[in-house]
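Student: Mapping of the sequence shown onto this note's numbering: position 80 corresponds to residue 80, and the numbering continues sequentially without gaps.
Misleading hints may appear alongside valid ones.
To be verified - If you anchor each label on the Cβ, the simulated ranges turn out as follows:
id, residue 1, residue 2, range
1, K22, D66, 17 to 23 angstroms
2, P110, Q79, 31 to 37 angstroms
3, N21, A42, 19 to 25 angstroms
4, A42, A111, 33 to 39 angstroms
5, V29, M1, 26 to 32 angstroms
Think of the hints as simulated: they come from the structure by calculation, not from any bench.
For clarity, every value in this text was computed on a predicted model and none was experimentally measured.
We put the CB at the ideal spot given by N, CA and C, even for glycine.
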Amino acid sequence: MVTPVNTSDRLKQLRELMSSNKYNIGAYVVPSEDAHQSEYVAACDERRPFISGFDGSAGCAVVTTDQASMFTDGRYFLQARQQMDDNWTLMKWGIAGVPSWQEYVTDHLPAGTR
Numbered sequence: 001m002v003t004p005v006n007t008s009d010r011l012k013q014l015r016e017l018m019s020s021n022k023y024n025i026g027a028y029v030v031p032s033e034d035a036h037q038s039e040y041v042a043a044c045d046e047r048r049p050f051i052s053g054f055d056g057s058a059g060c061a062v063v064t065t066d067q068a069s070m071f072t073d074g075r076y077f078l079q080a081r082q083q084m085d086d087n088w089t090l091m092k093w094g095i096a097g098v099p100s101w102q103e104y105v106t107d108h109l110p111a112g113t114r
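Construct the entire structure; sequences and hints are all you get.
Tutor: Written out as structure tokens, the structure reads:
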């Protein structure tokens, strides 16, 4: 049995930065890729596994002021559910009615939100 990483403090700290006057953003997107869009990511660039606990090779985390969602495909549904704590909602790419992360951000944030 895999023990999920407790992400409560990490999400709290990220949300504090997001809501600060310096940044004031409504959503923070954390992709699997590094800053260079590399397929193979160095350990020091594994931002998505750090914030979510999910270390599968495909996925995108979206953190808003009140939700944390992980978008991944069918290869990783079980792994993601096992590795993430209750702070996260698993968004199952490829299942009817589940939006892409881009659609999710567009639909869940007010117009003009950064």
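Student: Determine for every hint whether it applies to the structure shown.
Tutor: The hints, checked one at a time:
Checked against the hint of 17 to 23 angstroms, the pair K22 and D66 passes, with Cβ atoms roughly 20 angstroms apart. Against the hinted window of 31 to 37 angstroms, the Cβ-Cβ separation of P110 and Q79 comes to about 33 angstroms, which satisfies the hint. Separation of N21 from A42 is about 33 angstroms and departs from the stated range, judged on CB atoms against 19 to 25 angstroms. As the Cβ distance of A42 to A111 is approximately 37 angstroms, the hint placing it in 33 to 39 angstroms holds.
A beta carbon spacing of about 30 angstroms between V29 and M1 agrees with the range 26 to 32 angstroms that was offered as a hint.
This entry does not satisfy hint 3, going by the numbered hints stated previously; all others are met.
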